[in-house]
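Number of protein chains: 2
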Amino acid sequence: MQLLDGLLVSKTIKQELTEKVAIRKSLGKKVPHLAAIIVGNDGASMTYVASKVKSCEEVGYDSTLIQLPSETTEAELLQKIHHLNQDDAVDGYIVQLPLPKHINEHKVLMAVDYRKDVDGFHPENVGRMALGLPCFLPATPAGILELLKRYNIETEGKNCVVVGRSHIVGMPMGLLMQRNDYPGNATVTVVHSKTKDIEKICSQADILIVAIGKPLMITKEMVKPGAVVVDVGITRIEDSTKNSGFRLAGDVDFQQVADQVSFITPVPGGVGPMTIASLLVNTFIAVERKDV
Amino acid sequence: MQLLDGLLVSKTIKQELTEKVAIRKSLGKKVPHLAAIIVGNDGASMTYVASKVKSCEEVGYDSTLIQLPSETTEAELLQKIHHLNQDDAVDGYIVQLPLPKHINEHKVLMAVDYRKDVDGFHPENVGRMALGLPCFLPATPAGILELLKRYNIETEGKNCVVVGRSHIVGMPMGLLMQRNDYPGNATVTVVHSKTKDIEKICSQADILIVAIGKPLMITKEMVKPGAVVVDVGITRIEDSTKNSGFRLAGDVDFQQVADQVSFITPVPGGVGPMTIASLLVNTFIAVERKDV
Chain H
10 MQLLDGLLVS
20 KTIKQELTEK
30 VAIRKSLGKK
40 VPHLAAIIVG
50 NDGASMTYVA
60 SKVKSCEEVG
70 YDSTLIQLPS
80 ETTEAELLQK
90 IHHLNQDDAV
100 DGYIVQLPLP
110 KHINEHKVLM
120 AVDYRKDVDG
130 FHPENVGRMA
140 LGLPCFLPAT
150 PAGILELLKR
160 YNIETEGKNC
170 VVVGRSHIVG
180 MPMGLLMQRN
190 DYPGNATVTV
200 VHSKTKDIEK
210 ICSQADILIV
220 AIGKPLMITK
230 EMVKPGAVVV
240 DVGITRIEDS
250 TKNSGFRLAG
260 DVDFQQVADQ
270 VSFITPVPGG
280 VGPMTIASLL
290 VNTFIAVERK
300 DV
Chain V
10 MQLLDGLLVS
20 KTIKQELTEK
30 VAIRKSLGKK
40 VPHLAAIIVG
50 NDGASMTYVA
60 SKVKSCEEVG
70 YDSTLIQLPS
80 ETTEAELLQK
90 IHHLNQDDAV
100 DGYIVQLPLP
110 KHINEHKVLM
120 AVDYRKDVDG
130 FHPENVGRMA
140 LGLPCFLPAT
150 PAGILELLKR
160 YNIETEGKNC
170 VVVGRSHIVG
180 MPMGLLMQRN
190 DYPGNATVTV
200 VHSKTKDIEK
210 ICSQADILIV
220 AIGKPLMITK
230 EMVKPGAVVV
240 DVGITRIEDS
250 TKNSGFRLAG
260 DVDFQQVADQ
270 VSFITPVPGG
280 VGPMTIASLL
290 VNTFIAVERK
300 DV
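In order, the protein sequence lines correspond to chains H and V.
According to the numbering used here, the residues represented by the first sequence are 10 to 301, in order.
According to the numbering used here, the residues represented by the second sequence are 10 to 301, in order.
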């Protein structure tokens, strides 16, 4: 078994980006600039955003963190978004989810100019991805593709099972693994809450990508010997052996299946760091597009 | 075995639309107006476009057929498209493909205002489809969904195999069959040229949707007894028993498999008429959106 070490690969990607940014600087070109909007002060969201901003600094990007109070109105947020759409200094930006309940999340995401939508959530980007056109790929699926690529995982003609059909991971992951490209050209089956016999379908996967948010759901019997396993889930579960009383668990029971797989992502340190790396890559793409 | 009679269902849909148009007229509301652009005089394309225009007339729509000479430049075509985007009288329009080789098809399709893109080809519509948002569904997949619906075919939890991953049929079909809605909620596997063991995968399908353009490819061994079979293919093949010397064949060997299936589309008279019906439905949706 070999680890798909997302933390390590993300560091390599950051190093590559750092060098590219330095080259841009030396040529007098614009440095990439990522902005992030967060509304309210939810602890987990603040942590995520802070880590995105910190990553920008690591690679030499400019970054702007826009913290708005939780009582911000939808109109005020939309105005801020309109401003970011217009602001040439900002190459890409993200709106940290979830938003407070009085704000229509969909309306806000639709207001983001798709050319700055480095999260890849806008329908224009999703459609372009589905059609194989230039776009910002959604960060988590893009990170998984990059991880497969860096470990030279063969995907063509493989049976790939994606567990979960969410709009930000499962659905795009299925499309990307079935596209005519590398990584891709796999025979993809997407399973979900309405699927019968999930166990059997998973157990036939050469590549198993799990993004359903049910900790430890994937057990030994559900994994084909020699499979490549990518675990997107990350949930706090109780663990009395830890001082904190909890630990982070993926959707895959790593302990049970690690012995029998060829490659597997750890949790944490697998898909998570790759997601942030993809966001940085998308922001770099955003600034490069302006060069043309 | 029961036929999924697309010709019959499409007539019912046209009748329903005729009544709806009459109601709109009686209320003094705008009658739907579909325009079609064709460049050059390819025989098959002329036939397709003519049949779309004729269908508009049948249901009481206004229609405009714009025939441009084959030497039309890309700039001239783009100008025409710009004009149609602006023209409030036209609710939806289509650009008949293929275009002459000196015109960039992609550039042309991207220029169509997605709010008038009743073919559902624009990335904005494809992305909205993928995200479950209001959109124009691509006509062939939408026609297939409607056919399944009219015959009350259960899709939830069924194994659905889509043969082919084209941008206008296979890819969207997979997304629609896996979405959380009816028809949908199936466990979808998309197979394609790089898939190993297509025969075996097809033979496990409860619902088999074939859109690969290889006449008679799907044989008896590839169809599960009791399956629902939808055949999108339509190709001229030699047939010495016919006066014309040819007949139209689907991707499925109808003669071989008809006995063992529960439902199957004939070719012709299955998916084809449903595609045109979907175009009419999309145009109706387009005019209704303006009411709001």
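Misleading hints may appear alongside valid ones.
Same chains, same label: a pair holds when it works inside one copy or across any pair of copies.
DSS-like mimics (lysine-lysine), calculated; alpha carbons at most 27 Å apart, straight line [unchecked claim]: (1) LYS203 <-> LYS158; (2) LYS209 <-> LYS38; (3) LYS158 <-> LYS205; (4) LYS89 <-> LYS29; (5) LYS233 <-> LYS209; (6) LYS34 <-> LYS233; (7) LYS39 <-> LYS205; (8) LYS205 <-> LYS233; (9) LYS223 <-> LYS89; (10) LYS229 <-> LYS209; (11) LYS205 <-> LYS229; (12) LYS158 <-> LYS116; (13) LYS233 <-> LYS63; (14) LYS251 <-> LYS223; (15) LYS38 <-> LYS203; (16) LYS110 <-> LYS233; (17) LYS229 <-> LYS20; (18) LYS203 <-> LYS233; (19) LYS39 <-> LYS223.
No lab work stands behind these hints: they were computed from the structure.
These are the hints, each one checked on the structure:
{"no.": "1", "hint": "LYS203 <-> LYS158", "result": "between (31 Å within a copy, 18 Å between copies)"}
{"no.": "2", "hint": "LYS209 <-> LYS38", "result": "neither (53 Å within a copy, 55 Å between copies)"}
{"no.": "3", "hint": "LYS158 <-> LYS205", "result": "between (31 Å within a copy, 21 Å between copies)"}
{"no.": "4", "hint": "LYS89 <-> LYS29", "result": "neither (30 Å within a copy, 43 Å between copies)"}
{"no.": "5", "hint": "LYS233 <-> LYS209", "result": "both (10 Å within a copy, 18 Å between copies)"}
{"no.": "6", "hint": "LYS34 <-> LYS233", "result": "neither (48 Å within a copy, 62 Å between copies)"}
{"no.": "7", "hint": "LYS39 <-> LYS205", "result": "neither (52 Å within a copy, 47 Å between copies)"}
{"no.": "8", "hint": "LYS205 <-> LYS233", "result": "both (18 Å within a copy, 17 Å between copies)"}
{"no.": "9", "hint": "LYS223 <-> LYS89", "result": "neither (36 Å within a copy, 53 Å between copies)"}
{"no.": "10", "hint": "LYS229 <-> LYS209", "result": "both (12 Å within a copy, 25 Å between copies)"}
{"no.": "11", "hint": "LYS205 <-> LYS229", "result": "both (19 Å within a copy, 25 Å between copies)"}
{"no.": "12", "hint": "LYS158 <-> LYS116", "result": "neither (35 Å within a copy, 31 Å between copies)"}
{"no.": "13", "hint": "LYS233 <-> LYS63", "result": "neither (39 Å within a copy, 55 Å between copies)"}
{"no.": "14", "hint": "LYS251 <-> LYS223", "result": "within (21 Å within a copy, 60 Å between copies)"}
{"no.": "15", "hint": "LYS38 <-> LYS203", "result": "neither (51 Å within a copy, 42 Å between copies)"}
{"no.": "16", "hint": "LYS110 <-> LYS233", "result": "neither (42 Å within a copy, 48 Å between copies)"}
{"no.": "17", "hint": "LYS229 <-> LYS20", "result": "neither (31 Å within a copy, 53 Å between copies)"}
{"no.": "18", "hint": "LYS203 <-> LYS233", "result": "both (22 Å within a copy, 21 Å between copies)"}
{"no.": "19", "hint": "LYS39 <-> LYS223", "result": "neither (43 Å within a copy, 51 Å between copies)"}
Taken one by one, the earlier hints fail for this structure at numbers 2, 4, 6, 7, 9, 12, 13, 15, 16, 17 and 19, listed in ascending order.
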